[in-house]
Structure formats: C-alpha cells, structure tokens
Amino acid sequence: MQRSGIALDIKNLHKSFGNKVVHRGVSFQLYWNEILGLLGGSGSGKSLILRSIIGLEKPDQGEIIFDGKDLSQMGERELFPIRARISYVFQNGALFDSLSVEDNLAYPLREHTRLSEKEILEKVNEVLATVDMTGSNELFPAELSGGMQKRAGLARATISSPEIILFDEPTAGLDPINTHRLVRNIKSVKSRGTTGIFVTHDLPAAFEICHRIAILRQGQIYTVDTVDNIRNSKDPFVHAFIRGDEDGSGQEPQP
Amino acid sequence: MSELAIKHAVEQPGYFHSFAIRAGEKTLALIRFAGGFGVLCQQIGSEIIRRPFYFRLLIDQMLVIGVQSFVLVAVTALATGSVMALQFGLGLQKFGGTLYVPKIVSLAIAREMGPVFTSLLVAGRIGSGIAAEVASMKVTQQIDAIRALGTSPIQRIVIPRVLASMIALPILTLFADFISVFGAMIVCSTQLAIPPAFFVSKIFETLRIVDLSTGMAKTFVFAFFISVTACWKGLNTEGGTQGVGNSTTWVVVTSSIFIMVSDFFLTKFFFLTVFPKY
Numbered sequence: 688m689q690r691s692g693i694a695l696d697i698k699n700l701h702k703s704f705g706n707k708v709v710h711r712g713v714s715f716q717l718y719w720n721e722i723l724g725l726l727g728g729s730g731s732g733k734s735l736i737l738r739s740i741i742g743l744e745k746p747d748q749g750e751i752i753f754d755g756k757d758l759s760q761m762g763e764r765e766l767f768p769i770r771a772r773i774s775y776v777f778q779n780g781a782l783f784d785s786l787s788v789e790d791n792l793a794y795p796l797r798e799h800t801r802l803s804e805k806e807i808l809e810k811v812n813e814v815l816a817t818v819d820m821t822g823s824n825e826l827f828p829a830e831l832s833g834g835m836q837k838r839a840g841l842a843r844a845t846i847s848s849p850e851i852i853l854f855d856e857p858t859a860g861l862d863p864i865n866t867h868r869l870v871r872n873i874k875s876v877k878s879r880g881t882t883g884i885f886v887t888h889d890l891p892a893a894f895e896i897c898h899r900i901a902i903l904r905q906g907q908i909y910t911v912d913t914v915d916n917i918r919n920s921k922d923p924f925v926h927a928f929i930r931g932d933e934d935g936s937g938q939e940p941q942p
Numbered sequence: 335m336s337e338l339a340i341k342h343a344v345e346q347p348g349y350f351h352s353f354a355i356r357a358g359e360k361t362l363a364l365i366r367f368a369g370g371f372g373v374l375c376q377q378i379g380s381e382i383i384r385r386p387f388y389f390r391l392l393i394d395q396m397l398v399i400g401v402q403s404f405v406l407v408a409v410t411a412l413a414t415g416s417v418m419a420l421q422f423g424l425g426l427q428k429f430g431g432t433l434y435v436p437k438i439v440s441l442a443i444a445r446e447m448g449p450v451f452t453s454l455l456v457a458g459r460i461g462s463g464i465a466a467e468v469a470s471m472k473v474t475q476q477i478d479a480i481r482a483l484g485t486s487p488i489q490r491i492v493i494p495r496v497l498a499s500m501i502a503l504p505i506l507t508l509f510a511d512f513i514s515v516f517g518a519m520i521v522c523s524t525q526l527a528i529p530p531a532f533f534v535s536k537i538f539e540t541l542r543i544v545d546l547s548t549g550m551a552k553t554f555v556f557a558f559f560i561s562v563t564a565c566w567k568g569l570n571t572e573g574g575t576q577g578v579g580n581s582t583t584w585v586v587v588t589s590s591i592f593i594m595v596s597d598f599f600l601t602k603f604f605f606l607t608v609f610p611k612y
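Chains B and L supply the protein sequences, listed in that same order. According to our numbering, the stretch in the first sequence is residues 688 to 942, in order. According to our numbering, the stretch in the second sequence is residues 335 to 612, in order.
For the record, the hints were derived by calculation from the structure and aren't laboratory data. Honestly, I wouldn't trust all of these hints.
Non-contacting residues of chain B with respect to chain L, defined by C-beta distances greater than 12 Å in every case (computed) [claimed, not checked]: (1) ASN699; (2) ARG738; (3) ILE752; (4) ASN779; (5) ASP784; (6) ASP819; (7) ASP889.
The following label-pair restraints were derived from C-beta to C-beta distances [said to hold, decoys possible]: (8) B/GLY931 - L/ILE383: 51 to 57 Å; (9) L/GLY348 - B/GLY931: 15 to 21 Å; (10) L/GLY574 - B/HIS898: 33 to 39 Å; (11) L/THR607 - B/GLN760: 46 to 52 Å; (12) B/GLY712 - L/PHE367: 31 to 37 Å; (13) L/VAL587 - B/ASP696: 45 to 51 Å.
Note that CB positions come from ideal geometry on N, CA and C, so glycine has one too.
Between the sequences and the hints, there should be enough to build the whole structure, so can you do that?
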C-alpha cells in the first residue's frame with residue numbers, strides 16, 4: 688500500500704555541545720515516497736540530524752514525530768522497534784569487523800524477524816545481488832574495498848525493508864566509478880518507493896537521487912525546495928553554495 | 335621541600351596554577367570514571383535479565399579470555415612457583431627451615447600469588463584487548479551501528495565479556511595455583527632435596543578448600559572490575575586511533591592498581607570473616 692503525507696516531522700530541533708551551538712531550531716518535513724537531500728557546509732550538523740532522528744543523539748529541545756510519536760522523548764529500549772523501521776546507512780559502512788558480509792547482512796533479520804536460516808540466506812543473496820556484490824558472502828570487512836564496504840552497508844540497511852532510510856554521506860571518499868555504482872544502487876532502492884533523507888556534499892549525486900533538497904545554514908533549514916528550483920535558484924546563498932563560490936558563505940562560520 | 339624551594343614555587347604562580355589545573359582534571363576524570371562505572375554496572379544489572387541472551391558470544395569470549403590466556407598463565411605460574419620455592423628454600427636453609435617450604439609456598443600461592451599474578455596477567459592481556467576492541471568499534475561507529483540496528487551494545491558487547499571474564503579468571507587461577515605448586519615441587523625436589531611425596535603430603539596437610547576458594551573469590555571481584563572498566567573505557571573512547579591506544583594503557587594501569595589495592599582489603603576482609611572459623 689502506497690502511503691502518503693508526512694513520514695517524519697522535525698520540529699524546532701536545538702542541539703549544543705558545550706558552547707558550540709549546532710542546531711538553532713531545525714524544522715522540516717519528510718514525505719512518504721520521497722528522498723529529501725540534506726545539504727550544508729561542513730560542521731553544519733547534517734549528520735547530527737540523522738543521528739537525532741534515530742536516537743543516537745538526543746536533541747536539547749524540539750520534536751521528531753514519526754507515526755504519531757515523538758522519538759526525541761523515547762528511551763533506548765523504546766527506540767528498538769523504531770530502529771527496525773528506520774535504518775541508517777553509515778558514512779563508512781560501519782560493518783562489524785568480526786562478522787562476514789553474510790553475517791553482517793543477516794544481523795537485522797536474525798534480530799528482528801523469525802525467518803529461518805535458509806530464508807535469511809536467500810534474502811542476503813538477493814540483496815547482495817542488488818549492490819553488485821554477488822558471491823561476497825564469506826568475505827570480512829577488512830577484505831573489502833571502501834566502495835564495497837559502503838555498498839555492503841547499504842545492503843544491510845535495506846535488507847529488512849525499512850520504512851525510512853537515512854543515508855549519511857554514502858558517497859564520501861569514493862572514486863567516480865564507485866560513486867556512480869553506489870548512486871545507481873541507491874536509485875534502485877529509490878525506485879522501490881523508498882522514503883529517505885540523503886545527507887551529502889556530492890551535489891550531482893543529490894540532484895540525481897533526491898526529489899527535494901533542504902539546505903542547512905547556521906543551525907537552521909535555510910530553504911527546502913525541489914531539485915530544479917534549488918538548481919536554478921536566484922538566492923545568493925543557494926546560488927553560491929551549489930556553485931561552490933568561496934565568497935558565497937557556503938561554509939559554516941568558524942567559532 | 336626546603337623553605338627556599340617553597341618560596342621559589344610560591345613566587346611562580348604558573349607552577350601552582352598548572353598543578354591545580356592538573357589535580358582538578360585528574361579528580362574530575364576519577365569522578366567521571368566512578369560515575370560511568372556505576373551507571374554501566376546498573377545497565378548490566380538491568381540488561382542481563384532481558385532477552386535475548388547471546389550465549390554464543392559468551393562462549394566465544396570465554397575461548398578468547400580463557401583458552402588463549404592459558405599458555406601465558408601456565409608459563410608465568412610455573413616460573414612463579416619455582417622462584418618462590420627457590421627463594422624460600424635458600425632463605426630458610428640458613429635456619430634449618432627448608433621443610434617448611436611446601437607449607438609456605440602452597441599457602442602463599444593459593445591465597446595471594448595465584449589470584450593476583452593471574453589477574454594482573456589477565457588485566458594486561460584481556461583488559462587491554464577488550465578496551466582496544468571496544469574502543470575500535472566505538473571510533474569506527476560499530477557501536478552506533480549496533481544501536482541503529484535496534485540492538486543493545488550492553489547485551490552484545492559488555493555482558494558476554496564481563497560474564498566470560500568472571501567465569502574464566504577463577505578457572506585460570508585454579509590452573510595457575512596447581513601449576514605454581516607443581517613448579518615449586520620440582521624445585522624442592524631437585525634443588526632442596528625435598529621428595530615429591532613429602533611435598534604433596536605437606537600440601538594436603540596445609541591447604542584447605544577455604545584457602546583456594548578465598549583466592550578464587552578475589553578473582554571474581556578482579557574479573558568484574560577489569561572487564562567493566564575495559565568496556566566502559568572502550569565505549570567512551572574518543573580521538574581516533576590515538577584514543578584507542580590511550581584507552582588501552584589507561585585500562586591496564588587502572589586495573590593493575592585496583593587489583594593490588596583491593597587485594598589488601600579483600601585479604602583483610604577474609605581474615606576477619608572467613609579464616610577465624612577454620
């Protein structure tokens with residue numbers, strides 16, 4: 688069943704680390720079946736928004752509404768079932784060193800489903816094929832290239848068919864070929880009607896993958912618009928940001 | 335400190351200032367550790383009774399901690415027992431007390447040397463290993479990944495390591511006791527002309543279950559402290575690979591100090607409560 692409406696409602700998030708204020712009232716909505724790109728300068732708190740959504744960080748103030756519940760108020764145990772519905776693609780894959788690729792991918796299925804080992808293996812092989820890693824089951828993370836680790840991380844995040852996927856700079860540090868391959872894999876996930884937030888510095892990837900783009904500036908959402916409108920924006924900051932003009936204050940102000 | 339030195343130190347405000355800052359930092363770090371240790375103990379207490387229980391991970395950790403430490407512990411125990419027998423034997427020879435060596439050595443090994451040496455070795459090998467492994471998982475976001483996948487790092491990482499340490503260390507200590515005594519027996523036989531049969535009979539005459547069990551009871555405390563400290567430090571590591579190295583060193587130093595200091599209090603406790611009854 689195709690869902691519509693708001694999937695995640697982020698309201699007035701504030702977060703500081705000591706004297707460093709990162710979020711000063713971040714608000715935006717993520718709609719079902721859309722991929723929302725989240726752009727911003729380095730240190731602007733893009734990844735922190737994703738970490739706050741999934742409960743790895745607690746905001747000082749604000750609400751994160753999912754399925755009628757405020758995730759920011761939930762305890763660690765209450766978040767467990769939510770984390771089975773919202774998955775996170777880590778920047779470096781964050782695969783478990785001590786587990787093979789197969790066991791890494793099987794992890795969420797073993798933890799949250801009652802599938803048999805045979806069914807889990809079938810599912811693992813199926814998902815590995817979607818990220819061009821067929822036959823990599825027995826390899827350990829240390830034996831994988833950076834690109835393969837990220838694709839395996841993507842596979843692990845998508846294997847349990849989550850309702851929302853949070854992508855934390857998945858293309859960072861990859862060469863153009865691996866970036867292209869990963870973008871193709873993410874577009875394949877997107878084509879299944881996936882809902883997600885795509886944090887990146889990679890503008891071409893964001894333009895290719897996302898439906899809308901939000902730009903974070905000085906701890907707040909500066910603008911949210913469609914990819915075409917962002918691309919053709921006349922706003923001086925947005926214009927400078929997407930063209931990488933150094934004088935366009937695309938970077939976060941230094942403390 | 336001489337009067338002149340004090341005067342010189344007082345005249346230099348930077349000296350006292352930096353000393354006060356360092357002392358304050360150390361105190362804060364100690365308070366932070368005590369609080370973190372307490373919170374982690376509370377989390378272990380509440381998570382250990384919840385499902386799932388990762389029995390397979392417990393077995394894996396027992397193999398890592400117990401089996402892989404065995405050779406190290408055995409060699410050290412053999413050497414310790416041998417050296418003790420030699421030292422006591424040659425020392426007591428002057429007073430014609432060589433025949434007391436089996437009694438003295440076996441009691442010292444069962445009550446003190448076995449538990450303390452084994453725990454120090456485990457603190458060095460396993461404490462550092464746990465800290466390095468957990469810290470690496472922390473800095474490479476694997477701990478975050480465990481949480482993000484809807485599972486508990488306390489259940490998957492901490493509890494198997496703490497339980498495995500608490501099971502493996504007393505068993506290792508028991509092995510170490512036997513191997514130490516065996517080493518002492520060899521030295522007594524070859525260097526002090528004490529026949530093995532006499533040595534064994536004296537040991538049976540001297541050693542009681544309570545001597546072995548109090549020694550092993552100490553290792554429960556040491557194992558809990560080493561493993562919880564290592565996990566806490568690992569989970570709170572920051573600063574990349576340098577942070578991992580710092581955490582590892584810190585755990586070994588802290589655990590070793592704890593073992594030596596708490597051994598005194600535990601020994602005193604057993605002398606007040608257990609030994610008077612026997």
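Results for each hint:
1. ASN699: 24 Å, holds
2. ARG738: Its Cβ does come within 12 Å of chain L, the nearest being 8 Å, so this is violated.
3. ILE752: Since the minimum Cβ distance to chain L is about 19 Å, B/ILE752 lies beyond 12 Å and the statement holds.
4. ASN779: Label violated. Min Cβ-Cβ 7 Å, cutoff 12 Å.
5. ASP784: Contrary to the label, B/ASP784 does not stay out of reach of chain L, its closest Cβ about 7 Å off (not over 12 Å).
6. ASP819: Its Cβ never comes within 12 Å of chain L, the nearest being 22 Å, so this holds.
7. ASP889: 20 Å, holds
8. B/GLY931 - L/ILE383: 51 to 57 Å: 55 Å, holds
9. L/GLY348 - B/GLY931: 15 to 21 Å: Hint violated: Cβ distance 46 Å, outside 15 to 21 Å.
10. L/GLY574 - B/HIS898: 33 to 39 Å: 36 Å, holds
11. L/THR607 - B/GLN760: 46 to 52 Å: 48 Å, holds
12. B/GLY712 - L/PHE367: 31 to 37 Å: 36 Å, holds
13. L/VAL587 - B/ASP696: 45 to 51 Å: 49 Å, holds
Going through the hint list in order, the structure does not satisfy hints 2, 4, 5, 9.
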